[in-house]
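Residue numbers (the working numbering), protein chains in the order written: chain A, 98 to 461; chain B, 98 to 461; chain C, 98 to 461.
Accuracy of the hints is not assured; some may be wrong.
Repeated chains share a single entry, so a pair holds when one copy, or any two copies, can fit it.
Stated by the list, open to error - Each computed DSS-like pair below joins lysine-lysine, with the alpha-carbon atoms no more than 30 Å apart:
hint: 1; residue 1: Lys426; residue 2: Lys445
hint: 2; residue 1: Lys452; residue 2: Lys435
hint: 3; residue 1: Lys142; residue 2: Lys169
hint: 4; residue 1: Lys435; residue 2: Lys169
hint: 5; residue 1: Lys142; residue 2: Lys288
hint: 6; residue 1: Lys426; residue 2: Lys288
hint: 7; residue 1: Lys435; residue 2: Lys445
hint: 8; residue 1: Lys288; residue 2: Lys435
FYI, nobody ran anything at the bench for these hints, they're computed from the structure.
All values derive from a computational prediction rather than experimental measurement.
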Amino acid sequence: MGHTIEQIAAALGAEALGAVDLEVTGLAEPARAGPDQLALAMSEKFLADLSNGAARAAVLGAGSDWQALGLKAAIIAPRPRYALAGLTAAMDRGPGIAAGVHATAVIDASARIGAGAAIGPFVVIGRGARIGANARIDAHASIGAEAAIGDDAVIHAGVRIGARVRIGDRVFIQPGAVIGGDGFSFVTPEKSTVERARETLGKAAAPAASQSWTRIHSLGSVVLGDDVEIGANTAIDRGTIANTEIGDGTKLDNLVHIGHNVRIGRDCLICGQVGSAGSTVIGDRVVLGGQCGLSDNIVIGDDVVAAGATKIFSNVPSGRMLMGSPAVKMDTQVEIYKAMRRLPRVMKTVEALQKAVFNRGQND
Amino acid sequence: MGHTIEQIAAALGAEALGAVDLEVTGLAEPARAGPDQLALAMSEKFLADLSNGAARAAVLGAGSDWQALGLKAAIIAPRPRYALAGLTAAMDRGPGIAAGVHATAVIDASARIGAGAAIGPFVVIGRGARIGANARIDAHASIGAEAAIGDDAVIHAGVRIGARVRIGDRVFIQPGAVIGGDGFSFVTPEKSTVERARETLGKAAAPAASQSWTRIHSLGSVVLGDDVEIGANTAIDRGTIANTEIGDGTKLDNLVHIGHNVRIGRDCLICGQVGSAGSTVIGDRVVLGGQCGLSDNIVIGDDVVAAGATKIFSNVPSGRMLMGSPAVKMDTQVEIYKAMRRLPRVMKTVEALQKAVFNRGQND
Amino acid sequence: MGHTIEQIAAALGAEALGAVDLEVTGLAEPARAGPDQLALAMSEKFLADLSNGAARAAVLGAGSDWQALGLKAAIIAPRPRYALAGLTAAMDRGPGIAAGVHATAVIDASARIGAGAAIGPFVVIGRGARIGANARIDAHASIGAEAAIGDDAVIHAGVRIGARVRIGDRVFIQPGAVIGGDGFSFVTPEKSTVERARETLGKAAAPAASQSWTRIHSLGSVVLGDDVEIGANTAIDRGTIANTEIGDGTKLDNLVHIGHNVRIGRDCLICGQVGSAGSTVIGDRVVLGGQCGLSDNIVIGDDVVAAGATKIFSNVPSGRMLMGSPAVKMDTQVEIYKAMRRLPRVMKTVEALQKAVFNRGQND
Numbered sequence: 098m099g100h101t102i103e104q105i106a107a108a109l110g111a112e113a114l115g116a117v118d119l120e121v122t123g124l125a126e127p128a129r130a131g132p133d134q135l136a137l138a139m140s141e142k143f144l145a146d147l148s149n150g151a152a153r154a155a156v157l158g159a160g161s162d163w164q165a166l167g168l169k170a171a172i173i174a175p176r177p178r179y180a181l182a183g184l185t186a187a188m189d190r191g192p193g194i195a196a197g198v199h200a201t202a203v204i205d206a207s208a209r210i211g212a213g214a215a216i217g218p219f220v221v222i223g224r225g226a227r228i229g230a231n232a233r234i235d236a237h238a239s240i241g242a243e244a245a246i247g248d249d250a251v252i253h254a255g256v257r258i259g260a261r262v263r264i265g266d267r268v269f270i271q272p273g274a275v276i277g278g279d280g281f282s283f284v285t286p287e288k289s290t291v292e293r294a295r296e297t298l299g300k301a302a303a304p305a306a307s308q309s310w311t312r313i314h315s316l317g318s319v320v321l322g323d324d325v326e327i328g329a330n331t332a333i334d335r336g337t338i339a340n341t342e343i344g345d346g347t348k349l350d351n352l353v354h355i356g357h358n359v360r361i362g363r364d365c366l367i368c369g370q371v372g373s374a375g376s377t378v379i380g381d382r383v384v385l386g387g388q389c390g391l392s393d394n395i396v397i398g399d400d401v402v403a404a405g406a407t408k409i410f411s412n413v414p415s416g417r418m419l420m421g422s423p424a425v426k427m428d429t430q431v432e433i434y435k436a437m438r439r440l441p442r443v444m445k446t447v448e449a450l451q452k453a454v455f456n457r458g459q460n461d
Numbered sequence: 098m099g100h101t102i103e104q105i106a107a108a109l110g111a112e113a114l115g116a117v118d119l120e121v122t123g124l125a126e127p128a129r130a131g132p133d134q135l136a137l138a139m140s141e142k143f144l145a146d147l148s149n150g151a152a153r154a155a156v157l158g159a160g161s162d163w164q165a166l167g168l169k170a171a172i173i174a175p176r177p178r179y180a181l182a183g184l185t186a187a188m189d190r191g192p193g194i195a196a197g198v199h200a201t202a203v204i205d206a207s208a209r210i211g212a213g214a215a216i217g218p219f220v221v222i223g224r225g226a227r228i229g230a231n232a233r234i235d236a237h238a239s240i241g242a243e244a245a246i247g248d249d250a251v252i253h254a255g256v257r258i259g260a261r262v263r264i265g266d267r268v269f270i271q272p273g274a275v276i277g278g279d280g281f282s283f284v285t286p287e288k289s290t291v292e293r294a295r296e297t298l299g300k301a302a303a304p305a306a307s308q309s310w311t312r313i314h315s316l317g318s319v320v321l322g323d324d325v326e327i328g329a330n331t332a333i334d335r336g337t338i339a340n341t342e343i344g345d346g347t348k349l350d351n352l353v354h355i356g357h358n359v360r361i362g363r364d365c366l367i368c369g370q371v372g373s374a375g376s377t378v379i380g381d382r383v384v385l386g387g388q389c390g391l392s393d394n395i396v397i398g399d400d401v402v403a404a405g406a407t408k409i410f411s412n413v414p415s416g417r418m419l420m421g422s423p424a425v426k427m428d429t430q431v432e433i434y435k436a437m438r439r440l441p442r443v444m445k446t447v448e449a450l451q452k453a454v455f456n457r458g459q460n461d
Numbered sequence: 098m099g100h101t102i103e104q105i106a107a108a109l110g111a112e113a114l115g116a117v118d119l120e121v122t123g124l125a126e127p128a129r130a131g132p133d134q135l136a137l138a139m140s141e142k143f144l145a146d147l148s149n150g151a152a153r154a155a156v157l158g159a160g161s162d163w164q165a166l167g168l169k170a171a172i173i174a175p176r177p178r179y180a181l182a183g184l185t186a187a188m189d190r191g192p193g194i195a196a197g198v199h200a201t202a203v204i205d206a207s208a209r210i211g212a213g214a215a216i217g218p219f220v221v222i223g224r225g226a227r228i229g230a231n232a233r234i235d236a237h238a239s240i241g242a243e244a245a246i247g248d249d250a251v252i253h254a255g256v257r258i259g260a261r262v263r264i265g266d267r268v269f270i271q272p273g274a275v276i277g278g279d280g281f282s283f284v285t286p287e288k289s290t291v292e293r294a295r296e297t298l299g300k301a302a303a304p305a306a307s308q309s310w311t312r313i314h315s316l317g318s319v320v321l322g323d324d325v326e327i328g329a330n331t332a333i334d335r336g337t338i339a340n341t342e343i344g345d346g347t348k349l350d351n352l353v354h355i356g357h358n359v360r361i362g363r364d365c366l367i368c369g370q371v372g373s374a375g376s377t378v379i380g381d382r383v384v385l386g387g388q389c390g391l392s393d394n395i396v397i398g399d400d401v402v403a404a405g406a407t408k409i410f411s412n413v414p415s416g417r418m419l420m421g422s423p424a425v426k427m428d429t430q431v432e433i434y435k436a437m438r439r440l441p442r443v444m445k446t447v448e449a450l451q452k453a454v455f456n457r458g459q460n461d
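Produce the complete structure using the sequences and hints provided.
Structure below.
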């Protein structure tokens, strides 16, 4: 399991210094590193910790003096987190899904399993489903009828892939995610209280009318592009007529909710517990911080960045940075927050002004 | 799989025009429709798309001229989304759960399985459980001891139904939902920091006392009425002594959290990622937008409508429309939001006034 | 299944009065109690309900006159909720996981199963995993390679325990929870829009540059201390290099999201749908109300209490009580909320002042 400093540096495209044939077996924080571990000291604040640990080799930021730090070898990483990506990829022992098809898996005779695919215990694969080459499906996952999983995809334990869902190559899906549940789409025979609330912006009181909800069925499916990642227990609903779509390279974190008909572009980052209501369209390279919320039927432009817990109720132009609830431009929101903290004090000032101006006025 | 225009219109209770014996095999958006698909052009903005697709028949809103649109046949739907419910129901091929009891299912000998029920691979059904007639239970679901599932219910893959949970007829539960987890209810032997915070509204600093949490066990269960729907990965906790209850016809979306002892009325719509803390009571026909939050032990009246991300900390009278955090009446909140956006500017005005009035006062 | 009043009082360390050898078979709310049930009337508002039910014995708060209430026996509980913990523990029939190892479980030959452990149907236990004595693992759970589960732990149906995760004694994990998914950690080769947004606080518009996300793999694991409880469908990610850690006695509710590298102290209470981004450190005895959100890389001191839906973007000193988004001290926030509700009115006052002061000034 060992790698030499030279091998690791080569894998990173980084510079190796000192005893480059030194072998390490893993990565560690500087203070906890053993003599056979490569210490991660790319950030200056960790340099002092090196002497508390026993590392003989470390990854350092540009400009660090490895010899003065008492190291025998070093790798120089000008962009630390990018180096960390390479280092952790090199050291990852993989998801631990055993090769081959487990004897307990229930695979429909009409399903096609790609060469080298691994299928874990109690996996269920439906009629007409296709599993890509070298894909790995962990225990208890279920793959619906006519669903397609790309090459080299990793589907973790207990993931639910609905019927006709299409998943690209190299997709990672964390445990418990549900891809292709039915959309949440209901209609009343007559106008409902919520339709009236939207029309009047809440100005009229809702009458206590009887209303029962009729289901709009989801005939569409879900399409995930290549290199998509989906977090644990995230739920993506199928579309009503067309498909719900997630573009190539987009990453979703845990417990994210994506409603029916939503279309998300390429290379987005959707953080934990974000929710998007149905039929919203999100551009490319959009970054939504944790717990952001998006209304239904809105359009978010390319390169939008929203801080955590931003609630977006209307269309957003490309390149906009957002914060707050309701969302406004980040710098405007920072000013609003400052003003809100001063608000109780300013209220008193206004009272004093009111007294001074209007009382005096009355005395004139 | 084909249906004639006449058959579809009859199923919808709608008017059929033109070549009513034309047969279609599915639904499509107008621009993508093939010659054998029924185009959905109920909204005026989609009418122009008809000429981009190849549809020979379409569903149109009231007043559209089907002949001028180059169609051979049309169905007229005065309430488009309600028509969509009927159309998608007619075209839905169903959840794809094979008939019969799969050989791998583990079913306790004391469980009773209704006539026509379908039980998927690796399903576990506990002691004394009852499954209704024509219910369909998909792969990997588990049904606890003495739980009861109604007739025609659909329990999707990986759903967890706890012991003694009772579920009505025609209920739909999406994958990964957990019905009947234990309530989150803990108590410290002495007053906890959170009890003190509630008593003082946070005015006193919490002392760094030792406190460890003792579990209040959940002896109650969960009862879901008829025609309830539950979204993917939603969690509904059992009650402490009595049951957590969801009334007939109420629909819950994905990733919703319902605490112990909560009681929800009939025909409510609870959107994605809504959370309700324990012992809260929600009336009939309540609509909660995505990511709404409800405190524990509050009462929400009938016909309340809350916009997305509304956080409700106190009782709400019937018919109220709410928005914001903390929730206030929707129209009041709209005024507050407008004022907040003007706040940084108004702060400057107040400063100018202060200078003008009080400086002048000092000079008098 | 019956217990005498005397036995129950002894288990609670409480006082028994009257016919202490009266036997009861369960607990009930006063209005619904049958003659063989112990009515829970610790709160004064429930005393009147006793006459609507048929209870012969009740648990009462200090100072209640059991004989005047028509009871034959009573237990006096000075701290009602603490008594409820004892009462419900005594009456709980347990999670209903059958003893022994089910024939369908797939257990790696190298795994070690403790004495008295119960393993349910279709459970998968990986290479080198260890299950503690008397632990109970319910149907469809999966335990990864080299994971360790403590003694007397209860792992409910469909829980996913990743490779190398370590779980303490007496831990409860509700259905569908995922312990040890991969962290959500990605980096672009060049500076991303989100890095730029953080640097500029959103003042510069993000250019529409190409960016694709490279995965930082999670080599660390998750460690849960003793007496931890985890709610249904909660997700806890593994650390990048070190472990994500949850201290002894800490309780997490349903649908909670804990990012990679987070460290939570002892005896915390983390309510439903709380989310914490990566690398945040939370002290001991912290209480976070439902739907709270925490930014990445912040430090929350001991004994912090945050009201529901509080969004915390920066470090918090010990003992602080917080409310709002962005979080401020609870009493300050109460003042801000009051001021916000008056804001539209105050805006009009400011306009009137502006007119009075500056118009008059112009006329002088």
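Here is what the structure says about each hint:
| no. | hint | verdict |
| --- | --- | --- |
| 1 | Lys426 to Lys445 | both (29 Å within a copy, 20 Å between copies) |
| 2 | Lys452 to Lys435 | both (26 Å within a copy, 21 Å between copies) |
| 3 | Lys142 to Lys169 | within (20 Å within a copy, 70 Å between copies) |
| 4 | Lys435 to Lys169 | neither (51 Å within a copy, 63 Å between copies) |
| 5 | Lys142 to Lys288 | between (61 Å within a copy, 21 Å between copies) |
| 6 | Lys426 to Lys288 | between (35 Å within a copy, 21 Å between copies) |
| 7 | Lys435 to Lys445 | both (17 Å within a copy, 13 Å between copies) |
| 8 | Lys288 to Lys435 | between (42 Å within a copy, 29 Å between copies) |
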